[in-house]
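Asks: Letter by letter, the chains look like this.
Protein chains: 2
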Amino acid sequence: MKHIVSVQLTKNGPKYLQITEQITRQINEAVLLPGDKLPPIRKFAEQLGVNSATIVKAYETLQNRDLVLKIQGSGVYVGGSGNHDTNTHHDDDLNDDELYLDDEIDLMQHGSIKIGKAAINFATSTPTSDMFPVAPFKKAINEVLDRDGGKVFEYNESNGYLPLRRSICTLLRDSYTIETSVERLQIISGAQQGIDIAAKALLTPGDSVLVEDPTYTGALAVFKSRGARIAGVPMLSDGIDLVYLEKSIQFYRPRVLYVMSDFQNPTTYSYSEEKRKALITLAQKYTFYIIEDDYLSDLSFSNADRPKPLKAYDNPLNQRVIYIKSFSKLLMPGLRIGFLTAPKRICRDILQAKHLTDIASSGLIQRAFDDYLRSGVWKKHIQQMCSRYEKRHTTLAASIRTRMPGSIQESIPEGGFSLWLPLPSDVSAAQVYKAAAKRGILCTPGNVFRAGKRDFDDHIRLSIAAVDETLIDKGIQILSEVIEELQDHTGMEEFISPLM
Amino acid sequence: MKHIVSVQLTKNGPKYLQITEQITRQINEAVLLPGDKLPPIRKFAEQLGVNSATIVKAYETLQNRDLVLKIQGSGVYVGGSGNHDTNTHHDDDLNDDELYLDDEIDLMQHGSIKIGKAAINFATSTPTSDMFPVAPFKKAINEVLDRDGGKVFEYNESNGYLPLRRSICTLLRDSYTIETSVERLQIISGAQQGIDIAAKALLTPGDSVLVEDPTYTGALAVFKSRGARIAGVPMLSDGIDLVYLEKSIQFYRPRVLYVMSDFQNPTTYSYSEEKRKALITLAQKYTFYIIEDDYLSDLSFSNADRPKPLKAYDNPLNQRVIYIKSFSKLLMPGLRIGFLTAPKRICRDILQAKHLTDIASSGLIQRAFDDYLRSGVWKKHIQQMCSRYEKRHTTLAASIRTRMPGSIQESIPEGGFSLWLPLPSDVSAAQVYKAAAKRGILCTPGNVFRAGKRDFDDHIRLSIAAVDETLIDKGIQILSEVIEELQDHTGMEEFISPLM
Numbered sequence: 000m001k002h003i004v005s006v007q008l009t010k011n012g013p014k015y016l017q018i019t020e021q022i023t024r025q026i027n028e029a030v031l032l033p034g035d036k037l038p039p040i041r042k043f044a045e046q047l048g049v050n051s052a053t054i055v056k057a058y059e060t061l062q063n064r065d066l067v068l069k070i071q072g073s074g075v076y077v078g079g080s081g082n083h084d085t086n087t088h089h090d091d092d093l094n095d096d097e098l099y100l101d102d103e104i105d106l107m108q109h110g111s112i113k114i115g116k117a118a119i120n121f122a123t124s125t126p127t128s129d130m131f132p133v134a135p136f137k138k139a140i141n142e143v144l145d146r147d148g149g150k151v152f153e154y155n156e157s158n159g160y161l162p163l164r165r166s167i168c169t170l171l172r173d174s175y176t177i178e179t180s181v182e183r184l185q186i187i188s189g190a191q192q193g194i195d196i197a198a199k200a201l202l203t204p205g206d207s208v209l210v211e212d213p214t215y216t217g218a219l220a221v222f223k224s225r226g227a228r229i230a231g232v233p234m235l236s237d238g239i240d241l242v243y244l245e246k247s248i249q250f251y252r253p254r255v256l257y258v259m260s261d262f263q264n265p266t267t268y269s270y271s272e273e274k275r276k277a278l279i280t281l282a283q284k285y286t287f288y289i290i291e292d293d294y295l296s297d298l299s300f301s302n303a304d305r306p307k308p309l310k311a312y313d314n315p316l317n318q319r320v321i322y323i324k325s326f327s328k329l330l331m332p333g334l335r336i337g338f339l340t341a342p343k344r345i346c347r348d349i350l351q352a353k354h355l356t357d358i359a360s361s362g363l364i365q366r367a368f369d370d371y372l373r374s375g376v377w378k379k380h381i382q383q384m385c386s387r388y389e390k391r392h393t394t395l396a397a398s399i400r401t402r403m404p405g406s407i408q409e410s411i412p413e414g415g416f417s418l419w420l421p422l423p424s425d426v427s428a429a430q431v432y433k434a435a436a437k438r439g440i441l442c443t444p445g446n447v448f449r450a451g452k453r454d455f456d457d458h459i460r461l462s463i464a465a466v467d468e469t470l471i472d473k474g475i476q477i478l479s480e481v482i483e484e485l486q487d488h489t490g491m492e493e494f495i496s497p498l499m
Numbered sequence: 000m001k002h003i004v005s006v007q008l009t010k011n012g013p014k015y016l017q018i019t020e021q022i023t024r025q026i027n028e029a030v031l032l033p034g035d036k037l038p039p040i041r042k043f044a045e046q047l048g049v050n051s052a053t054i055v056k057a058y059e060t061l062q063n064r065d066l067v068l069k070i071q072g073s074g075v076y077v078g079g080s081g082n083h084d085t086n087t088h089h090d091d092d093l094n095d096d097e098l099y100l101d102d103e104i105d106l107m108q109h110g111s112i113k114i115g116k117a118a119i120n121f122a123t124s125t126p127t128s129d130m131f132p133v134a135p136f137k138k139a140i141n142e143v144l145d146r147d148g149g150k151v152f153e154y155n156e157s158n159g160y161l162p163l164r165r166s167i168c169t170l171l172r173d174s175y176t177i178e179t180s181v182e183r184l185q186i187i188s189g190a191q192q193g194i195d196i197a198a199k200a201l202l203t204p205g206d207s208v209l210v211e212d213p214t215y216t217g218a219l220a221v222f223k224s225r226g227a228r229i230a231g232v233p234m235l236s237d238g239i240d241l242v243y244l245e246k247s248i249q250f251y252r253p254r255v256l257y258v259m260s261d262f263q264n265p266t267t268y269s270y271s272e273e274k275r276k277a278l279i280t281l282a283q284k285y286t287f288y289i290i291e292d293d294y295l296s297d298l299s300f301s302n303a304d305r306p307k308p309l310k311a312y313d314n315p316l317n318q319r320v321i322y323i324k325s326f327s328k329l330l331m332p333g334l335r336i337g338f339l340t341a342p343k344r345i346c347r348d349i350l351q352a353k354h355l356t357d358i359a360s361s362g363l364i365q366r367a368f369d370d371y372l373r374s375g376v377w378k379k380h381i382q383q384m385c386s387r388y389e390k391r392h393t394t395l396a397a398s399i400r401t402r403m404p405g406s407i408q409e410s411i412p413e414g415g416f417s418l419w420l421p422l423p424s425d426v427s428a429a430q431v432y433k434a435a436a437k438r439g440i441l442c443t444p445g446n447v448f449r450a451g452k453r454d455f456d457d458h459i460r461l462s463i464a465a466v467d468e469t470l471i472d473k474g475i476q477i478l479s480e481v482i483e484e485l486q487d488h489t490g491m492e493e494f495i496s497p498l499m
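First to last, the sequence lines map onto chains A and B. FYI, numbering that gives the first Met the number 0 numbers position 315 of the first sequence as 314, with every residue one higher than the one before it. FYI, numbering that gives the first Met the number 0 numbers position 458 of the second sequence as 457, with every residue one higher than the one before it.
Be aware that one or more of the hints could be misleading.
List time: in silico SDA-like cross-link candidates among lysine to any residue, alpha-carbon distance up to 25 Å [as the list claims (entries may be wrong)]:
#1 B:452 / B:128
#2 B:150 / A:372
#3 A:223 / B:305
#4 A:150 / B:381
In case anyone wonders, no lab produced these hints; they're calculated from the structure.
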């Protein structure tokens, strides 16, 4: 099933740009899908009644925008709006004295921005330390130090402290309906390391990786660093766009698909059960691996039956899912502990990748975490987190309904601590970010999360992970004022510019 | 200065093999150096009075041994006896039921072997937990938990806890004559992570990396995983072979040279001051980076003035050295803490690499380590380590002199806890490893540490990091018996085989 490129030329503006813009729109609106071939140059030129050079220029512009791929001797194809950058060495001296928005977004994408003090911080998705179970952990640490002494500071097995792996097997079976074994469990120093290790085990330079678009920037940084070709697939409210995904699979033949099936970051969308099953079927059909990053599934507010993690639907005889679980958002980010469970056939590569990455995770933290899990307070802690964040979400929703009438079509997420807020059509997220920051309000502009050139400047992500309930409405009030001012200002500019 | 290939043909054996073997020997003995060109095929064939096909076959065999590189349209060149493997995916199911020597060495090279219980373990280079300062660390952990509460478990700055970076700056200035600043310090979760992060910041697939040969296998695994071309440069007793190194630099144009300037692993050799300075000069002349892995310089037995770390000789105006310091061997391996200091122009890339690797190192461990460093017991601890290991080294040396007369020409190392023991010429390290293991003695066969195809089957590494003083002589006694038996056995085989 090929999709037809449709271009209508008018008398306004250069012809190559009209062609470029119309094809760009059809790619962004998924009228054209990855792998669709653009018409041959001469034929298209004849059809439109333009010079061949006009088509060449249009295709070149599309290529510069990373929207199409030219395959020598074959033709020009629609790509996945991916990021095909290659690594470059930066040997120039740094100049960090002045930081402009583009740099900031670049740094946020690389995850290394230092966000200054703000009155109200809707940008961070990290809970504040008043939520941490410090006392039970201090107890656990002292218990294991008294019990195991110096052993705590020996090298651990690279795959992790065995009793902890046993505890996690039990937890996975009882709470996530995931069957695994200690041999297929790898302890990791946080989910970020899990992604890095999985990428080392699975990817060689030039391999393709498909990601949800928008997605978590820390994962993109890993795949880029491995020299992978990255292509984004649009997210819908019930999970990734399956039609677009299958076209992208056929075109890119990916080695890996990276997904967050619950409360996806940044969209907060969760996958339907059907889509979860469909992903497993596709992974088996086209023989790729799925990295499932479960950073937040526990933080579900609804009591209704939610779908199980993707991993729970994996085919035991032909496993395709690497399930990574982080405790950074749920417990304490500074713990730097998590785990992954992988198909048996890649466990040895995973282990070697872990070893070359940092030999092993801290034995002290592993033992204390095991002690903590066995003490049985984990479930109670999660319940407290849920009740706290559900309250904040309710407050946030009420505030948005009052302060931004008509601006939000999306429903309130069923869990997590973020909201993917669509902006009025004439307001740019980058501008909102900048203007809000001046008034002490931090949010995250949509393009921070883009996988390639697909544009998310019409959304901001609001996180309430670290915003006290009493401050939410004040923050939304200021934000709504900022957006209104920008709307007025944009209107003014449009009105004034023809006269200037 | 080109080196001349010299081949003398006899009537014994196939001619291509004679040519292959003689050139192999000249490469291994460094008569031929990297970049030396082998004679053109037709000319060489005429000169030796053989068919061109014979030369082609010989060159192909050398290429299969990774000893030469064929450069299309130019000729055949001597390589650095490097490892030019590319990564491959292993999708086959694992079968770990039976483990043979080759597999074991392979696993040791990948660092993921599980060494079983042995009566006497000369293989591990990790101190036992009775040496660890557990009590002061437990105190430090509780102090920081009481002082900082939940803050301890928040995300840390990716470059590390600032007060710890300040402490380390002071330590570097006072004890290592290294001047740096908190901006150029990066806290890492152990030296292995330091190598991984430096490699991510510096290397793109296809870049060349030079290493000492033999070297630390954990570093090789990182460079391989980055898709680097690795070439080994022979070690001499006063440091790397500079002539060979410069030829290799000219031939490979490396991005990175990886060295351990003190008590190199596994040879235990340390660099002379002249060689340290020469490395800095070369790095500036040819614009590459040096990764200096200082895992053990503190463990020096002699009171005489030792050269400073390589980093202390770096040119402040054109820095070339990334200095990585581990505390795994000196303090406690399970801490997973260390640091690196890098030239300013690459600090941002290093920081981004750290962030994509695991976001940040454990805040709890960083704070406790800082507390420990400030308590002033660090120097006392190092003195205790030195005195303990010097005693063991003295015992080891006496035992070897008694039990293996004439077998060891090398002097006792001036520090560290290993010995690079040459074997009698007719005994293979792989055989010694196997036969000794059967009698409960573990050692490490030389080829575990090889960077490419250069052969170290004539050495074993003996470590006394975890061997109690009372067991050293017993271990050496058994080892000497094993070696003697193998000598007899080898002799027998040679005597018997013509009759069979």
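Asks: Confirm or reject each hint.
Replies: These are the hints, each one checked on the structure:
{"no.": "1", "hint": "B:452 / B:128", "in the structure": "36 Å, violated"}
{"no.": "2", "hint": "B:150 / A:372", "in the structure": "21 Å, holds"}
{"no.": "3", "hint": "A:223 / B:305", "in the structure": "43 Å, violated"}
{"no.": "4", "hint": "A:150 / B:381", "in the structure": "20 Å, holds"}
Comparing the model with each numbered hint stated earlier shows that hints 1, 3 do not hold.
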